[in-house]
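*Asks:* The primary structure of each chain is shown beneath.
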Amino acid sequence: MENDGKRRAFLKVLGLGSVTLGGAGYTLMADATQEPSKAKPHYGMIFDQNKCVGCTDCEVACKKVNAVPAGQARLFVENKTDPATPMEKKYVRVSCQQCEDAPCVKVCPSKACHRDSKTGIVTMNPDDCIACKYCIVACPYDVRFINHKTKAAENCNFCLNTNLAKGKEPGCVEACKYKALVFGDLNDENSYINQILHVKDSVRMKPTYGTKPSLRYIPVVKVGV
Amino acid sequence: MNGAINFTHGFSHGVEWGWPIAVYLLLAGISGGALIVALMVRYYKKQHEDTPLLKAASLVSFATIAFGMVFLVGDLEKPLYFWKILINYNFTSVMSIGVLAISIYIPLTLVMCLYMFEKEISIVLAKKNTLVSYFAMIMSILTRFRPLIEVLSVVFAVIICAYTGFLISVLVRFPILNTAILPALFVVSGLSAGTASASMVASWLFKEDTHSSDLKTLHTIEWPVMAIEIMLIAMLFVSLLVGNEFQKTTTVAFQSGVYANLFWFGVMGLGFGIPLVLNFALGKKIASSHIAFYLSGMASVVGVLCLRMFIIYAGQTFGI
Ligand code: SF4
Ligand code: SF4
Ligand code: SF4
Numbered sequence: 002m003e004n005d006g007k008r009r010a011f012l013k014v015l016g017l018g019s020v021t022l023g024g025a026g027y028t029l030m031a032d033a034t035q036e037p038s039k040a041k042p043h044y045g046m047i048f049d050q051n052k053c054v055g056c057t058d059c060e061v062a063c064k065k066v067n068a069v070p071a072g073q074a075r076l077f078v079e080n081k082t083d084p085a086t087p088m089e090k091k092y093v094r095v096s097c098q099q100c101e102d103a104p105c106v107k108v109c110p111s112k113a114c115h116r117d118s119k120t121g122i123v124t125m126n127p128d129d130c131i132a133c134k135y136c137i138v139a140c141p142y143d144v145r146f147i148n149h150k151t152k153a154a155e156n157c158n159f160c161l162n163t164n165l166a167k168g169k170e171p172g173c174v175e176a177c178k179y180k181a182l183v184f185g186d187l188n189d190e191n192s193y194i195n196q197i198l199h200v201k202d203s204v205r206m207k208p209t210y211g212t213k214p215s216l217r218y219i220p221v222v223k224v225g226v
Numbered sequence: 077m078n079g080a081i082n083f084t085h086g087f088s089h090g091v092e093w094g095w096p097i098a099v100y101l102l103l104a105g106i107s108g109g110a111l112i113v114a115l116m117v118r119y120y121k122k123q124h125e126d127t128p129l130l131k132a133a134s135l136v137s138f139a140t141i142a143f144g145m146v147f148l149v150g151d152l153e154k155p156l157y158f159w160k161i162l163i164n165y166n167f168t169s170v171m172s173i174g175v176l177a178i179s180i181y182i183p184l185t186l187v188m189c190l191y192m193f194e195k196e197i198s199i200v201l202a203k204k205n206t207l208v209s210y211f212a213m214i215m216s217i218l219t220r221f222r223p224l225i226e227v228l229s230v231v232f233a234v235i236i237c238a239y240t241g242f243l244i245s246v247l248v249r250f251p252i253l254n255t256a257i258l259p260a261l262f263v264v265s266g267l268s269a270g271t272a273s274a275s276m277v278a279s280w281l282f283k284e285d286t287h288s289s290d291l292k293t294l295h296t297i298e299w300p301v302m303a304i305e306i307m308l309i310a311m312l313f314v315s316l317l318v319g320n321e322f323q324k325t326t327t328v329a330f331q332s333g334v335y336a337n338l339f340w341f342g343v344m345g346l347g348f349g350i351p352l353v354l355n356f357a358l359g360k361k362i363a364s365s366h367i368a369f370y371l372s373g374m375a376s377v378v379g380v381l382c383l384r385m386f387i388i389y390a391g392q393t394f395g396i
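Going down the list, the protein sequences come from chains A and B. Residues in the first sequence are numbered from 2 upward in steps of one, following my numbering. Residues in the second sequence are numbered from 77 upward in steps of one, following my numbering.
If you're looking for bench data, these hints aren't it; they were derived computationally from the structure. Every residue gets a Cβ at the ideal spot worked out from N, C-alpha and C, and that includes glycine. Treat the hints with caution; some may be incorrect.
Label pairs and their computed distance ranges (CB to CB) [claimed, not checked]:
1) B:Arg222 x A:Asn188: 56 to 64 Å
2) A:Lys119 x B:Glu321: 38 to 46 Å
3) A:Thr209 x B:Leu281: 51 to 59 Å
4) A:Gly211 x B:Phe193: 45 to 53 Å
5) A:Lys119 x B:Met311: 43 to 51 Å
6) A:Asn188 x B:Thr168: 18 to 26 Å
7) B:Tyr210 x A:Thr209: 58 to 66 Å
8) B:Gly150 x A:Gly211: 29 to 37 Å
9) B:Gly349 x A:Glu79: 38 to 46 Å
10) B:Gly90 x A:Glu190: 42 to 50 Å
11) B:Thr168 x A:Lys119: 15 to 23 Å
12) A:Lys213 x B:Leu156: 34 to 42 Å
13) B:Gly90 x A:Val200: 39 to 47 Å
14) B:Leu186 x A:Pro70: 39 to 47 Å
If we strip away everything but chain A, and leave its shape as in the complex, we get (with noise of 0.2 Å):
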């Protein structure tokens, strides 16, 4: 228990200082887009446990942006509050993984399900899905699902075609008021995602599976776990 909570300072530390160190090293995404020298971009995202409030916004936003039919989500939420410690909240992300090694993209027979040449994010070509789901199936994160309006698969392409292509920031990333999603380019050294993975424990998400996820999670972390 005392151990516990010298860890816990630790970390807040740990914290407070990413963000001070973050905010000089801030580059928008889009940089990297418009200056074809650089080496590939490699877009990942990081969901920091620690500061998600589980509000939602991200959700909403997404929703908005990429136009998601009532009833389906490319992100979701999840509460995941240990029932024993009702105080202490938990909450995870949800979403595709953009794997490295994506098996959606592996089976899609029609090669509707893709990895974006430019960006290298997988995403979607709507007209070529035949909706067979075979994606949907061989998605180790189970996080995907055929479009109602559509009628093809979909999944979180980092609003690869909405915002991204705008310059902005995907929606959830945008939308959170606490800062618990960041953007950015994994092959850029200066890069704020790069920044705070330096200083941060991070993990991926079922790494057994081989499937290399370029989404990172900053758990909270509490001794015994």
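Since chain A is already given, all that's left is putting chain B with the ligands on it; use the hints.
*Replies:* For chain B with the ligands alone, coordinates are given in the frame of chain A:
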């Protein structure tokens, strides 16, 4: 630290691939299995005439795969876009590979049917003289390739049976599906359903005596095939039982609930139990009756359907 954070909420709604896929997997298995056993019997017995068994098997294999395609395409949310697979071919996708194999296999089974029913087709076409002569011309060319077509048919029949197993064994989220045993199990259960279907059609449509030498041969290989099938199912179960934490939790599928009933009553009881009882437990007289012949054949086919249903439904229900 990896267990520190996780999510359990998914976007799919339970079983995404439902019964049409299970039926397709059954039909593809019957199609491949029937052709494999009939041609194997032909090679083994060095037959030159077209036996009722081969006729039945050719007809069964063409009809079931064609019918299976209806289920496969019908299960797509956008069935009219099916052709996109052929244009945007993806070599890393088992489905693409399967579609390619099917587009070779269906014509092969069709040609096998043409060989078998050349006379009948000629009679039907006889009213139109030009058509008959075209048909005769095509057949004279096709006949030259018959040995090759037969070998290719066996090869592709095996590929069809096996690919349906690979199709779902690549789904890493589902421990019951994600095993190397599945393709083998699909080939073997395809063989048993194919054997049963081809023998029934041979006797029913082509008046083959149920005690003819061909059907007797099939009857004798039926039991070893069934034994291998049971062994593979046992291997699947044991591999889950001794596996990691997630694999272990899936063994419930065999132990309680709807799926366990489907497995024990459908796969084991109907598929294996009924044929065994009919053939060995009730005496020689019943074992050699017509009723027993058809009943045990149907039971085998329904048992294999139950196996496919069990694998598809239980497999997708117990995800990680
Ligand atoms: S998380 Fe699923 S949908 Fe996203 S890239 Fe990986 S396999 Fe594809
Ligand atoms: S549902 Fe669409 S995107 Fe998914 S594998 Fe099938 S064709 Fe590809
Ligand atoms: S990046 Fe865009 S598509 Fe993905 S969850 Fe955020 S808002 Fe939705």
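*Asks:* Now tell me, hint by hint, if it's right for this structure.
*Replies:* Each hint, compared with the structure:
{"no.": "1", "hint": "B:Arg222 x A:Asn188: 56 to 64 Å", "in the structure": "holds (59 Å)"}
{"no.": "2", "hint": "A:Lys119 x B:Glu321: 38 to 46 Å", "in the structure": "holds (41 Å)"}
{"no.": "3", "hint": "A:Thr209 x B:Leu281: 51 to 59 Å", "in the structure": "holds (52 Å)"}
{"no.": "4", "hint": "A:Gly211 x B:Phe193: 45 to 53 Å", "in the structure": "holds (51 Å)"}
{"no.": "5", "hint": "A:Lys119 x B:Met311: 43 to 51 Å", "in the structure": "holds (47 Å)"}
{"no.": "6", "hint": "A:Asn188 x B:Thr168: 18 to 26 Å", "in the structure": "holds (24 Å)"}
{"no.": "7", "hint": "B:Tyr210 x A:Thr209: 58 to 66 Å", "in the structure": "holds (60 Å)"}
{"no.": "8", "hint": "B:Gly150 x A:Gly211: 29 to 37 Å", "in the structure": "holds (34 Å)"}
{"no.": "9", "hint": "B:Gly349 x A:Glu79: 38 to 46 Å", "in the structure": "holds (44 Å)"}
{"no.": "10", "hint": "B:Gly90 x A:Glu190: 42 to 50 Å", "in the structure": "holds (44 Å)"}
{"no.": "11", "hint": "B:Thr168 x A:Lys119: 15 to 23 Å", "in the structure": "holds (21 Å)"}
{"no.": "12", "hint": "A:Lys213 x B:Leu156: 34 to 42 Å", "in the structure": "holds (36 Å)"}
{"no.": "13", "hint": "B:Gly90 x A:Val200: 39 to 47 Å", "in the structure": "holds (41 Å)"}
{"no.": "14", "hint": "B:Leu186 x A:Pro70: 39 to 47 Å", "in the structure": "holds (42 Å)"}
Of the numbered hints listed earlier, not one is contradicted by the structure.
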